[in-house]
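**Student:** For reference, the chains in residue letters:
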Amino acid sequence: MKSPNKQQIQKTIKFKITGDNLFKTLTTIIAASALIILFITGYTLVKGSIPVVQNFGLSFFFGQQWNPVEGGEVFGILPYILGTLATSGIALLIGVPLSLGIAIFLVEMAPRSLRVPISYLVELLAAVPSVIYGLWGLSVFRYWILNYIEIPISTYLGWIPIFSGTPRGLDIFTAGVILAIMIIPTVASISKEVLTAVPNSIREGAYSIGATKWEVIKRWVLSYGRSGIFGAIILGLGRAVGETMAVTMLIGNATGTSAMPKSLFQSGQTLASSIANGFMEATSGSLKLSTYLGIGLTLLIMSLLINVGAHLVMTRVFKVKGGAVE
Amino acid sequence: MTSTQEQNISKPKPDQLQQEIDPTAKMRAINVDVWFGKKQVLKSVNLTVKPNTVTAIIGPSGCGKSTFLRCFNRMHELAPNAKMAGQILLDGKDIYERQIDPVQIRRRVGMVFQKPNPFPTMSIYDNVAAGLKLTGTKKSKLLDEIVRHSLEQATLWDEVKDDLKKSGTSISGGQQQRLCIARAIALQPEVILMDEPCSALDPIATAKIEKLVIELKQEYAVVIVTHNMQQASRISDYTAFMYLGELIEFGETRQIFEKPKNKLTEKYITGEFG
Amino acid sequence: MMNSYGFRKFKNRLFFAICAICVVIAVVPLASIIFEVAKRGVPQLSWTFITATNGNSGIGPAIQGTLILIGLTSIIGIPIGVLSGIYLSEFGNNKYAQNLRTINNIIAQFPSIIVGITIYGLIVLTMGSFSAIAGSIALAFILIPIVTRTTEESLKLVPNNIREASLALGAHNWRTTLSVVLPAAKNGLLTGVLLAVARITGETAPLIITILGNRYFFQGLDKPLAALPLEIWKDALQPYAETQAQGWGAALILILMVLIINITVRLASRSRMKA
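Protein chains in written order, with the numbering used here: chain A, 752 to 1077; chain B, 52 to 325; chain C, 490 to 764.
Looking at chain A on its own, in the form it has when it is part of the complex (with noise of 0.2 Å):
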């Protein structure tokens, strides 16, 4: 009697082992599909502008020619490189500052019954789709920008060089500002999360002293909360970096050494907007078409350093305050 029975019960412990293996296996392979994404889009790129890296080489990142007429073809991306950067820069500037307010004021201000709708309207700041803040930004914010920042500015203050050129409301300013829109929702509720996790016992302390609650914020909280905010601040970056639709849409488009930042008041062009604009014009096998490719290496680049400069800061915010909770 007792035999079979153990026979029985091996057999199920067998059949189960495979059961469960199977479905292990199979999740396993499939949640390769992040690494498989990565690696394609790795592939893709890389042995797309093979082509305009060999033809130009490093020229290709620093040159800032652009001629795309067959026979005569010269690519060199460094205006778009830098007008990525001045418009990231501007969305920081403008960007970081509100985030970080309204993150201040949800955590640590706001009545209990305003923080819910409040981080729920920033939150649809995100839900709205990129071309609609472009359509928006055409047709309506672009005059905002305008007629109350950019007439006035150029007006009394068009001597200075990064403020020269008669303002159109379609540039470098209005893209920055628009991305400046766009990152905060990032920026806000992540940091939010960052100040929400400072442990009670810090602003208790503070508080206990005699600090007023903007002192509690400013030298406690925040500085507790610092290296949480930097992470905030680099997926910002990332975000703004990599925004394709409303840069196109605002940024005015110049090409090649037109395009050089030289004022925030004139057109130019990102490294993204560059893709969004001519890509269609590039026809396959074309050294145009591996320029694109080229373009979106760059791209590529910048944001896994970023991400990964974030991911960094994030998991050790994370470990480091792990410990000091403790």
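Simulated from the structure, these hints should not be mistaken for laboratory data.
These figures come from a predicted structure and were not determined experimentally.
Please note: incorrect hints may appear among the correct ones.
What the hints assert, rightly or not - Here are the computed lysine-lysine pairs in the DSBU-like style, where the Cα-Cα straight-line distance is at most 35 Å: (1) B:K184 to B:K217; (2) A:K969 to B:K216; (3) B:K89 to C:K645; (4) C:K498 to B:K189; (5) B:K312 to B:K262; (6) B:K134 to B:K190; (7) B:K310 to B:K262; (8) B:K314 to A:K964; (9) A:K964 to B:K189; (10) B:K144 to A:K969; (11) C:K712 to A:K1039; (12) B:K268 to B:K314; (13) B:K216 to C:K498; (14) B:K184 to A:K964; (15) B:K312 to B:K144; (16) B:K310 to A:K964; (17) B:K314 to B:K89; (18) A:K964 to B:K268; (19) B:K184 to B:K216; (20) C:K500 to B:K216; (21) B:K216 to B:K144.
As the list claims (entries may be wrong) - Examples of chain B residues lying across from chain A (beta carbon under 8 Å, computed): (22) P131; (23) V154; (24) Q155; (25) R234.
Glycine included, every Cβ here is placed at the ideal spot set by N, Cα and C.
Given chain A's structure and the hints, the job is docking chains B and C onto it.
**Tutor:** Coordinates of chains B and C only, in the frame set by chain A:
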């Protein structure tokens, strides 16, 4: 809980009403009620804190003793949906009056918390100096002096004098708690509130803090919440016993521990519950 | 003294006001966008507008195209994302999973235009044509990392004792996951998936270079396809008021789709939390 005990609680407590108005009292709580949302956690609590004494508040966990303590420097206001009624007098003036800002009260009534909470982003020196820097004390000589004096008073100076630049969290738990005491002392408060300051510490560190508390009463009035009855009997001059949000009995520590008037107090003291 | 009590109190009030102003500044664009889209989009709405082809002053193909893209992308992306999420949550206690999690977080942040050119190089060039399928795969590349992450997060919220209870009844691991853990995480999972779908609904950049756009209704998986975001983009850049107005109409429909998903999902998840 049997019904007789509950009756005991609901009866008016003569000793509580008899707390005579003492003109020398440093602080007085008069009919303090506290609610969190709709839940009432303190019911008409009265207490007198005399200068240069240690007053212990004991009671089983959840009896409201920490909440009560936090009313003395308006820290309970930081909890969302906390509501308070009644008066807390500091030198005869109600600290809950409208024109009085809690920020100023907290400089006069310092606080030490259950878990040592030195500021992790600040050095030991800055931990002690932080409160003074808020009000703009910039003279480094004066600061140095006060920091040294506070650390000495907190019996921590000898242990950290060479490491003043190190982070406030780099020292041991007991040292951290004494650092927090020094942080409170640096503001030269009149009253120091301590919320179970030893509950996170080992026995040796606890002994040091207890000794320190007794020394502190030379200069300050100390109110200490503790769940440790032996500790209360060792260090306090007056003891208040709280139960379910009410003050059951208040009196000299020796009387409370040797001849409690209330049945509930007696049961708690003898360890029948809690 | 510089830091007198009055001055400190003043600073406290000032910064409170500044933070509140930050909130207002952030809400103004949102309000303006919704207002303008409604004001300029609503007059466009008509049965013809949402059903006719572009030649007949409608955006029917774009609406149809977007629905097709949502459907195809979901079919490709959701199973992969959910299964990856299951792996990370249920078996993810190892180095391999840790690395996948990192990679997943990083590809989730990829600029969507990069996904577009990757799919162009990979599929459009190989097939020799812009196509509905290329667009869906591009959107799936964006959808998968988001769904993976939200699946993992919502499965991790399922208390372990529910798993143990099921295993104690003699259920296999895989049965436990599929018939106990997944249903328990159903709400969070649904929220995450719907938000991811809302996100890809508005994606434009990768579509420009994968589906190209089409004046006509769906013509096959391997043929160019219209889509709402593309319609908006193309219309916005036209110099004709009529076409631009059409773009606002398309924007209204797109924003309604996206916001309705967002708002209902969030309202639902909030009322659930209260319950």
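**Student:** If a hint holds in the structure, say so; if it does not, say that too.
**Tutor:** Each hint tested on the structure:
Simply put, K184 of chain B and K217 of chain B have alpha-carbon atoms about 18 Å apart, close enough for the 35 Å limit, and the pair holds. With a C-alpha separation of about 21 Å, the suggested pair K969 of chain A and K216 of chain B falls inside the 35 Å cut-off, and the hint holds. Between K89 of chain B and K645 of chain C the alpha-carbon distance is near 34 Å, which keeps this suggested pair within the 35 Å criterion. For a cut-off of 35 Å, the pair hint linking K498 of chain C to K189 of chain B stands: about 19 Å separates their Cα positions.
At most 35 Å may separate the alpha-carbon atoms for a hinted pair to count; K312 of chain B and K262 of chain B meet this at roughly 29 Å. A hinted pair counts as satisfied when its Cα atoms are at most 35 Å apart, and K134 of chain B with K190 of chain B does not qualify at roughly 40 Å. Proposed proximity of K310 of chain B and K262 of chain B is supported: the alpha carbons are some 26 Å apart, at most 35 Å. The hinted pair formed by K314 of chain B and K964 of chain A fails the criterion: a straight-line CA distance of about 45 Å is larger than 35 Å.
For the hint linking K964 of chain A to K189 of chain B, the alpha-carbon distance of about 21 Å falls within 35 Å, and the restraint holds. Between the alpha carbons of K144 of chain B and K969 of chain A the distance comes to roughly 32 Å, so the proposed pair stays at or under 35 Å and holds. A hinted pair counts as satisfied when its Cα atoms are at most 35 Å apart, and K712 of chain C with K1039 of chain A qualifies at roughly 24 Å. With a C-alpha separation of about 31 Å, the suggested pairing of K268 of chain B with K314 of chain B holds against the 35 Å cut-off.
Straight-line distance between C-alpha atoms of K216 of chain B and K498 of chain C comes to about 30 Å, which keeps the hinted pair within the 35 Å bound. With a C-alpha separation of about 15 Å, the suggested pair K184 of chain B and K964 of chain A falls inside the 35 Å cut-off, and the hint holds. For the hint linking K312 of chain B to K144 of chain B, the alpha-carbon distance of about 31 Å falls within 35 Å, and the restraint holds. A distance of roughly 46 Å separates the Cα atoms of K310 of chain B and K964 of chain A; the hinted pair therefore is violated under the 35 Å criterion.
Distance hint between K314 of chain B and K89 of chain B is fulfilled; the C-alpha atoms sit about 30 Å from each other, no more than 35 Å. Distance hint between K964 of chain A and K268 of chain B is fulfilled; the C-alpha atoms sit about 30 Å from each other, no more than 35 Å. Distance hint between K184 of chain B and K216 of chain B is fulfilled; the C-alpha atoms sit about 16 Å from each other, no more than 35 Å. Distance check on the hinted pair: K500 of chain C and K216 of chain B sit about 29 Å apart at the alpha-carbon level, within 35 Å; holds.
For a cut-off of 35 Å, the pair hint linking K216 of chain B to K144 of chain B is broken: about 40 Å separates their Cα positions. Hint on P131 of chain B holds. Least Cβ distance to chain A is approximately 6 Å, under the 8 Å limit. Here the hint on V154 of chain B is kept, as its CB sits about 5 Å from the closest CB of chain A, short of 8 Å. With a least beta-carbon distance of about 7 Å to chain A, the hint placing Q155 of chain B at the interface is held under the 8 Å criterion.
Look at R234 of chain B: its Cβ gets to within about 6 Å of chain A, closer than 8 Å, so that hint holds up.
Comparing the model with each numbered hint stated earlier shows that hints 6, 8, 16, 21 do not hold.
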